[in-house]
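Line by line, the protein sequences are chains A and B.
Take 0 as the starting number for the first sequence in numbering that gives the first Met the number 0 and just add one per residue.
Take 0 as the starting number for the second sequence in numbering that gives the first Met the number 0 and just add one per residue.
Incorrect hints may have been included.
[Said to hold, decoys possible] So, partial list: chain B residues that the calculated Cβ filter (under 8 Å) puts toward chain A:
| # | residue |
| --- | --- |
| 1 | Pro-74 |
| 2 | His-262 |
| 3 | Asn-312 |
[Unchecked claim] Reference listing, derived: stretches of chain B covered by chain A, where coverage requires no fewer than 3 residues with Cβ under 8 Å from a Cβ of chain A:
| # | segment |
| --- | --- |
| 4 | 80-94 |
| 5 | 101-110 |
| 6 | 367-375 |
By construction, these hints were calculated from the structure, which means they are not laboratory data.
Ideal placement from N, C-alpha and C gives every residue a C-beta, glycine not left out.
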Amino acid sequence: MSSGSGFGDEKGGSSSVGEPEYGHDPASGGIFSSDYKRHDDLKEMLDSNKDSLKLEAMKRIVAMIARGKNASDLFPAVVKNVACKNIEVKKLVYVYLVRYAEEQQDLALLSISTFQRGLKDPNQLIRASALRVLSSIRVTIIVPIMMLAIKEAASDMSPYVRKTAAHAIPKLYSLDPEQKDQLIEVIEKLLADKTTLVAGSVVMAFEEVCPERIDLIHKNYRKLCNLLIDVEEWGQVVIINMLTRYARTQFLNPNVNVKSDLIKSNPLGEKAFYGSDDEEGKEEKAEAAALAKRKPYVMDPDHRLLLRNTKPLLQSRNAAVVMAVAQLYFHLAPKAEVGVIAKALVRLMRSHSEVQYVVLQNVATMTIKRRGMFEPYLKSFYIRSTDPTQIKILKLEVLTNLANETNISTILREFQTYIKSMDKDFVAATIQAIGRCATNIGEVRDTCLNGLVQLLSNRDELVVAESVVVIKKLLQMQPEQHSDIIKHMAKLTDNIQVPMARASILWLIGEYCEHVPKIAPDVLRKMAKTFTNEEDIVKLQIINLAAKLYLTNSKQTKLLTQYVLNLAKYDQNYDIRDRARFIRQLIVPTDKSGALSKYAKKLFLALKPAPVLESPFKDRDHFQLGSLSHLLNAKAGGYQELPDWPETAPDPSVRNVEVPEWTKCSSREKRKEKKVEKPFYSDSEEESGPTESADSESDSASGSGSGSESEESGSGSESEESREESESEQEDKEDEEDKRKKKKKTDRGKVKAPAVESPERFFFIFSRFRFLILEVQRLASDSCSLRTSCRRWHKKTIAPSGSVKTYELLHRITGEGLGVEYCFSRQPFSPDAHMVAVQIMFTNNTNAETKNLHVEDPKLQSGMRIKEFPEIELLPPGEMVTVVMGIDFCDSTQAANFQLCTHIRKFFVSIQPPVGELMMPVFMTENEFKKEQGQLMGMNEISEKLTLGEKCQNEHGIVQRVTSAANVSRSSCSSSLKSNLQVCRKDGVQWDFSVGYCDGDWHNAGEGYSTGPNPVAP
Amino acid sequence: MIHSLFLINSSSDIFLEKHWKSVISRSVCDYFFEVQEKAGEAENVPPVIHAGHHYLINIYREKIFFVSVIQSEVPPLFVIEFLHHVAETFQDYFGECSESAIKDNVVIVYELLEEMLDNGFPLATESNILKELIKPPNILRSVVNSITGSCNVGETLPTGQLSTIPWRRAGVKYTNNEAYFDVVEEIDAILDKTGSVVFAEIQGVIDACVNLTGMPDLTLSFMNPRLLDDVSFHPCVRFKRWESERVLSFIPPDGNFRLLSYHVSAQNLVAIPIYVKQNISFFETGSSGRLDITVGPKQTMGKTVEAVFVTINMPKVVLSANLTATQGNYTYNPVTKTLVWDIGKLSQQKLPNLKGSLTLQCGAPKPEESPSLNIDLKIQQLAISGLKVNRLDMYGEKYKPFKGVKYVSKAGKFQVRT
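Given the sequences, and given the hints that come with them, work out the whole structure.
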């Protein structure tokens, strides 16, 4: 923009010509003053009341920042404009502020109030941008303000603001790591968010702040898998990488029954990956027989879900996403399925050379473990003369890794053309590659050797030298057959000058001097002549050669050896002097020569093992592929190790998410039916997109929802009858205790027929920190319209309690005779009022005593606490003991996981509170209720599906089913309460009801509420 | 994630810096300069450099190094892809991604970088959202702006950022509703000395220019979709439809975008549109060599092969070339040692030939390496793989759009070995 502006010369001068003069050195006086002056005029422009002047000044300042010039002395003048009306000026001021706030902390504080105002703006984009800038200002003093702002934004209605909150978390964390605990709470909350917009950002925050808190992922795992395809590209990369790590901790190795290093241990005899059924099948069978005791491997459905949902992303246009999926498959998929990634990775090779470089590095690592995968794409790794050298060398590496008996002839032919290349580094690498192929594949060793020997007559010395080095290594494998090659190489000493090559030749002749008895002394003679002019490594090898010849052929070479050793004695290099002295002592027999000299021959002419030519990419796969650490082959800062597969799978039920699953169902339903929009659900309406996201969500829910549904229905039907009975009994008892409670109940309509036409609703209100509204509607099968009819309500203050239901914590079979049940006793837990009392009943069904029953190693969501029961010293056979423990669920329905330990065993158990158990009854009038209801902000809701059997056709039965499912009981209510609640419909006899609850900010609520966190059962 | 970005020109000048977290001194680039010097050519600079406490991940585009500073573990491809995305955005905004364009528009560049990353993590990278936030410069607007003092930052807040289809703006309106699709195919091939195919494949893309009102939902189908071996999509394409029906169903972004890239692999027998007969030889004595190249059309499906170029990188000892071309012109650059022969159109009747002698450095031994020929060509109105678009349907809007499909085939990395 600057060029076209009306300020012409003045400004143009400042932005491109003038500035460098006073550049970096504000200290030098004269220049500084002119600098000062120039800034003076900027200040004037900033102080003017014309937006155009301000804008011009800001543009010039930003241009200065861009070029790395110091503009910090303008801070006061710029900050004044933070509240400027002009959007562009404002944006540029933000840019400036973020850049310099760190240096001018006090002045930066002046701007904070503007952002705080912005945080309250009704427009979500303004709220988001205010939070963004506020959190970017790196001034420690505002940490509490930032914390507050982030917390607020994390429960904002707008998903975009929540996304910004997620972005702000790592910023605050880097500014003040002490806020970690609080930030984890926010992360936990945002992880539960079900919008695609937030998912990527919050996982990024998770990775930066608390990557070790893998337990936070459990409940969100399925949701993340299902949202993945709709998340933006950058978020996908982060999520996939995190899920790879997660899966490694939670699932079993799918290749556990397959001999994992089959390829590695047997690189030659292995067949092509795809055609390997026969042989591998046999092997596998043998393996399987050996592992007969082990259980057959069954993939966890969640593991499968991850693999299935990431696969389409191999088709992404973004190379980083493709790479992320590829590494996920490489690390997690069963061997037979990994093949799918090859095609996608080969596709990436068409991309920019930087992308190629990274992809080839990863392919090189993969080809070592899973060669078969890339074999069909061999030709895609052929090298063009126009490729950059670093790419050529990587491709060469891949080609070498892919070589086997079937394709070696093609590869060698290809290598032959590479040797003619103009790029000498590349030619040298090719020769090394040929050497590696020759060592790995026995059949072609001779061919390769002959080819390399031909190269010895190449005119380029580098080529010859490299060949010599490689030939030396190859000859070590079978020296007897190749004395003619050694002779040939001996001749080369006259011409070849590259020290490494000369040294290699000398070593070869010395090592195999017995194969070339006539030539060797002659070579030594020649070398002795030129000894003083040789490079150090060559000198050392001459000494070696002399020593070996002395030992084998002392008649001819005694004098020569003496001469060489004398020369070496006065060499400038102390290593050589040292070596000479050492060798003389060892080989030349003297009177005093020690015991060692007897063994000199053994020492020098011992059989040396042939060198193994290995890929530099071997074993690199212990780094997560696609990571920076893998590329550098060194651990980068912040790298999270990829854990090994667990021996036994951790409890898969931790991922069962009943609450969010219901939520999803109902919210989806709502979207589809396009029912009533109520103020407090409006934000979820905003989130829902027109087409795609809805599609994918419906898929996902149907996939994963079914499991949990069936569980619920199972447990529901079991205990249903007992619940009904006990309800009536207990009703009276607890009536008096719970006077504060109030419930509203419908007037019972005359409901008879199964297909009732008029809608029926019930309201239940509870409050603790949260507000819970429950509503039920029954509709005829064909009607889905909402009727907001008024009903009459009775006002009554009753406090019937729901039944006390007993849940199983540990079945006596899994518990090896120890059966454990628990129930929520609905009594205040006296040691800590925040906690919910849980009564635990232990039954010892064995014949032996169980000792030392206690709780260990609780794994809790942040904020949750547990008060363990005192250890039970002894539980005799057949006895039963009841204890009470307290758990603060922190108002979430997340399960509390812990271990139950006896003196011999540990059991993983978890207690998940039904919604109703977390609530405390509160008395309120209807008006108050309405008022509260109006202040609700929708963040969470829970829904559950009920299927009514034939017997539940009457209204009473329905009510009971509903109340028991919600774990609440009815109370009466008064007058008419018009509902504007949300309704879900299911056909016929199926009922949906949904319970919405939210984090109401209780401080804002009206008076008369008990705000104490007393967990009193409903 | 990405901590800072430095833009460095070919003369090792840092002409722009941007920090998303606290400021990192530009001295960190010294590590880069060191490696650059060692690497010699720009393309050989490794994309990832370990620099003390930092890591430098860089890309090289349009003679500019984009050097980003990383402090901790991050997938390198993530950064590389992002940097290319930045370069493409500049290209999109300024028409070219050159040093001068960036310097001239430094404020817009800064505003863009500010929006694209938040704390080093990508925030808004979709071109449609960015264009709502920051308007691209054009001459008319800059004149108007300088008079009225209005600005190039969007007045309205970008709603696209909030939608689930972030690639499309809401409320798009056109008087002429048009949708154009360019099917561009590139042949990657290696031919050996004798002219037989060592390796060949086709890389294709479909670039679209869609100017349609409202929220159209398009469906593009092919006559022969099975041809496509491996595909990658713009995020707007519904993957499930492709999986089940092999049609492309999408709500298009507004304007230009790449809908699809695909790959037709060697198995499907790639047609090579030309053949090359060549003979380059150097004599043992006399410091000279001969060159004889003939190019002819082959398997062109009745279309003309145009814009044929042959580029040869000669060995260093070749001083000059004295050749005659029966068609087109040749140039030999003695500094870079490249011989370029611009042939133009190929005709069936008279095969273009380039013949003559090469002069070598006096006394130098005969070069052992053999140069390879890089071929460039173009065929209009033909997708060499035979891919054909069947039809384009539009749903969701009432008007009748104007539709067009164009095919073109080019040589990609097409190399003949000698």
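Now the hints, each set against the structure:
1. Pro-74: 5 Å, holds
2. His-262: Nearest chain A Cβ about 6 Å off; hint holds.
3. Asn-312: With a closest approach of 7 Å, the Asn-312 of chain B hint holds.
4. 80-94: With 3 residues close enough to chain A, the hint holds.
5. 101-110: holds (count 9)
6. 367-375: This one holds; 6 residues, not fewer than the three required, reach chain A with a Cβ under 8 Å.
In terms of the numbered hints stated before, the structure departs from none.
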